[in-house]
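Trainee: Kindly generate the complete structure, drawing on both the sequences and the hints.
The primary structure of each chain is shown beneath.
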Amino acid sequence: MKLNLKIWRQQDSESKGGFENYVIDDITPDMSFLEMMDVLNQKLIYENIDPISFDHDCREGICGSCSLFINGRAHGPDKGITTCQLHMRKFKDGDSIVIEPFRAKSFPIIKDLVVDRSAFDRIQHSGGYISINTSGNTQDANTTPIRKEDADNAFDAATCIGCGACVATCKNASAMLYVSAKVSQFSYLPQGKVEAKERVLNMVKQMDDEGFGNCTNTGACEVECPKGISIKNIARMNREFYKAKI
Amino acid sequence: MSLISIFKSSIGKKLLMALSGIFLVVFLTQHFLINITSVFSEEIFNFLSHFMGNNPIVQFILQPILIFGVIFHFVMGFYLEIINRKSRGANYSRYAGGDNAPWISRNMIFSGGVVLLFLILHFYDFWVPEMNYKYIEFRPEDPNRYYEELIHKFESPVRTSIYSVSFIFLALHLLHGFSSSFKTIGVDSKYYKPIKSLTFIFSILIPFGFIFIAVFHNIMH
Ligand code: HEM
Ligand code: FES
Numbered sequence: 003m004k005l006n007l008k009i010w011r012q013q014d015s016e017s018k019g020g021f022e023n024y025v026i027d028d029i030t031p032d033m034s035f036l037e038m039m040d041v042l043n044q045k046l047i048y049e050n051i052d053p054i055s056f057d058h059d060c061r062e063g064i065c066g067s068c069s070l071f072i073n074g075r076a077h078g079p080d081k082g083i084t085t086c087q088l089h090m091r092k093f094k095d096g097d098s099i100v101i102e103p104f105r106a107k108s109f110p111i112i113k114d115l116v117v118d119r120s121a122f123d124r125i126q127h128s129g130g131y132i133s134i135n136t137s138g139n140t141q142d143a144n145t146t147p148i149r150k151e152d153a154d155n156a157f158d159a160a161t162c163i164g165c166g167a168c169v170a171t172c173k174n175a176s177a178m179l180y181v182s183a184k185v186s187q188f189s190y191l192p193q194g195k196v197e198a199k200e201r202v203l204n205m206v207k208q209m210d211d212e213g214f215g216n217c218t219n220t221g222a223c224e225v226e227c228p229k230g231i232s233i234k235n236i237a238r239m240n241r242e243f244y245k246a247k248i
Numbered sequence: 075m076s077l078i079s080i081f082k083s084s085i086g087k088k089l090l091m092a093l094s095g096i097f098l099v100v101f102l103t104q105h106f107l108i109n110i111t112s113v114f115s116e117e118i119f120n121f122l123s124h125f126m127g128n129n130p131i132v133q134f135i136l137q138p139i140l141i142f143g144v145i146f147h148f149v150m151g152f153y154l155e156i157i158n159r160k161s162r163g164a165n166y167s168r169y170a171g172g173d174n175a176p177w178i179s180r181n182m183i184f185s186g187g188v189v190l191l192f193l194i195l196h197f198y199d200f201w202v203p204e205m206n207y208k209y210i211e212f213r214p215e216d217p218n219r220y221y222e223e224l225i226h227k228f229e230s231p232v233r234t235s236i237y238s239v240s241f242i243f244l245a246l247h248l249l250h251g252f253s254s255s256f257k258t259i260g261v262d263s264k265y266y267k268p269i270k271s272l273t274f275i276f277s278i279l280i281p282f283g284f285i286f287i288a289v290f291h292n293i294m295h
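Which chain is which? The protein sequence lines are C and A, in order. For the first sequence, the positions run 3 to 248 when the numbering used here is used. For the second sequence, the positions run 75 to 295 when the numbering used here is used.
Hints are not guaranteed to be accurate.
[Said to hold, decoys possible] The calculated lysine-lysine pairs, modelled on DSS-like cross-linking and capped at a C-alpha distance of 25 Å, are:
| id | chain 1 | residue 1 | chain 2 | residue 2 |
| --- | --- | --- | --- | --- |
| 1 | C | Lys234 | A | Lys227 |
| 2 | A | Lys270 | C | Lys173 |
| 3 | C | Lys107 | A | Lys87 |
| 4 | A | Lys267 | C | Lys207 |
| 5 | C | Lys113 | A | Lys160 |
| 6 | A | Lys264 | C | Lys245 |
| 7 | C | Lys45 | C | Lys92 |
| 8 | C | Lys195 | C | Lys113 |
| 9 | C | Lys113 | C | Lys150 |
| 10 | A | Lys208 | C | Lys234 |
| 11 | C | Lys173 | A | Lys82 |
| 12 | C | Lys107 | C | Lys4 |
None of these hints come from the bench; they were simulated from the model.
Mentor: Okay, structure coming up:
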């Protein structure tokens, strides 16, 4: 396959950055998108050009590192996948592909396609945990009966890998899907009820302080979420938030 | 925790948007129910309009609340739009918004903006003459003037067309806004199906009902 790539290059967080065009032609449909980037980078290294920085780690859709906004979509065309799970068979020979970093004021660019998503970590630190004594005297989890439906909902929310696709795709750069998943994964369970109030208040406050936008229920986030986290978590978080405030 | 502190948060601002939206929906329903009587009974329409125009509770309590509600809703709408645009930082060079969210949900500020332009015209058409009649010229009250004034307005095909197009935008605004407001106030997802149906019925029935009234009077008189 031969492809025309238009890729965002930016030296560091302070530089202005801009698009560069690259033509690449030894790509097979079986390659993953990141492998295509590897091939391009190898070529750039041989040509003595600074290779393109992009985030990746597990390359199997579980770590949430890989980002990229490809042809106007977070993680490219196709639903329910990360960029490392995107394959070149989704494109045609001769296609033009625009590759940009995830863009949000709260996700500043570090270099090229790499953005700083530590705002998510700070939100998580502000309340995304339960304070349970785990020093050798933990109770067997099965002794606390939990409704199957609640357990399932908590588990579904917990599948969030914090990749930031929801923020990247939302027209408001809102982080509400992420935060609501992190709130729900605990609030459905009895262990999470104890600190429910502080959790939702602190996490929402941190989210606002980081400068994320405001949800307008367009639903774009749940479509792009590689883990299929449902927007119903946002309504649930709103509810928890009001309860905690009253 | 003080209740006011809710509204300092992003969720709280969104809640105000939803509550003011729902308030306007209630007002719209009431307005429609009164207007539709003009299609079948001049007397009932005159009676209701006279009541609404002269009852002190409606005039001096409900009307200011309504005006406040409208202004609050669109000012907050513009404010949130600006905040949300700023949250993006630099814009994408390619953004396929239509691939994952419907047009109506991404263009609330546009559909709302058209409704706002309409509201300005509507105020100029009905509210300004009404205030002038009652509180500036102090003309004697005539309980039978409302119907005549109404049909006179819709004699103009231009006005009738502007009204009709504006109501289509109101329908688009409500098709997203109505159901969205319930999500914002935190209604459980098990009610999403009936809310979706209700959104569709309301958003089509009320705006197209208003269009029907305008076109009816345009054709009949
Ligand atoms: C004056 C012109 C108007 C403007 C500028 C305006 C603007 C907006 C904006 C920007 C939103 C939020 C966008 C979103 O949630 O996706 C919104 C939401 C809404 N609007 Fe309006 N609007 C106007 C008039 C109206 C009217 C006349 C009604 C009803 C009769 C209405 C009902 C609603 C509802 C129900 C919502 C949903 C709130 C929510 O999403 O939580 N709006 N409007
Ligand atoms: S690299 Fe881990 S999810 Fe893509």
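Trainee: Does C:Lys150 lie within 25 Å of C:Lys113 when you go C-alpha to C-alpha?
Mentor: violated, 45 Å
Trainee: Does C:Lys113 lie within 25 Å of C:Lys195 when you go C-alpha to C-alpha?
Mentor: Between C:Lys195 and C:Lys113 the Cα gap is close to 41 Å, so the pair fails against 25 Å, i.e. violated.
Trainee: Holds or violated: C:Lys234 and A:Lys227, Cα atoms, limit 25 Å.
Mentor: violated, 46 Å
Trainee: Within 25 Å, alpha carbon to alpha carbon, are C:Lys107 and C:Lys4?
Mentor: Not satisfied, since the Cα-Cα distance of roughly 34 Å exceeds 25 Å.
Trainee: Does C:Lys92 sit within 25 Å of C:Lys45, going by the straight-line distance between their CA atoms?
Mentor: holds, 23 Å
Trainee: Holds or violated: A:Lys270 and C:Lys173, Cα atoms, limit 25 Å.
Mentor: Holds, because 22 Å separates the two Cα atoms, which is no more than 25 Å.
Trainee: Holds or violated: A:Lys264 and C:Lys245, Cα atoms, limit 25 Å.
Mentor: Distance ~19 Å between A:Lys264 and C:Lys245 Cα, so the pair holds.
Trainee: Given the hinted pair C:Lys107 and A:Lys87, is their Cα-Cα distance within 25 Å?
Mentor: Judged against 25 Å, a Cα distance of about 20 Å means the pair holds.
Trainee: Sort out whether C:Lys207 lies within 25 Å of A:Lys267, counting only the CA atoms.
Mentor: Violated, at roughly 31 Å.
Trainee: Given the proposed pairing of C:Lys173 with A:Lys82, does the C-alpha separation stay at or below 25 Å?
Mentor: The hint holds at about 22 Å.
Trainee: Against the 25 Å threshold, does the CA-CA distance of A:Lys208 and C:Lys234 hold or violate the hint?
Mentor: At roughly 50 Å apart (the allowed maximum being 25 Å), C:Lys234 and A:Lys208 break the hint.
Trainee: Does C:Lys113 pair with A:Lys160 here, judged by a C-alpha cut-off of 25 Å?
Mentor: holds, 21 Å
Of the numbered hints stated above, those contradicted by the structure are hints 1, 4, 8, 9, 10 and 12, listed in ascending order.
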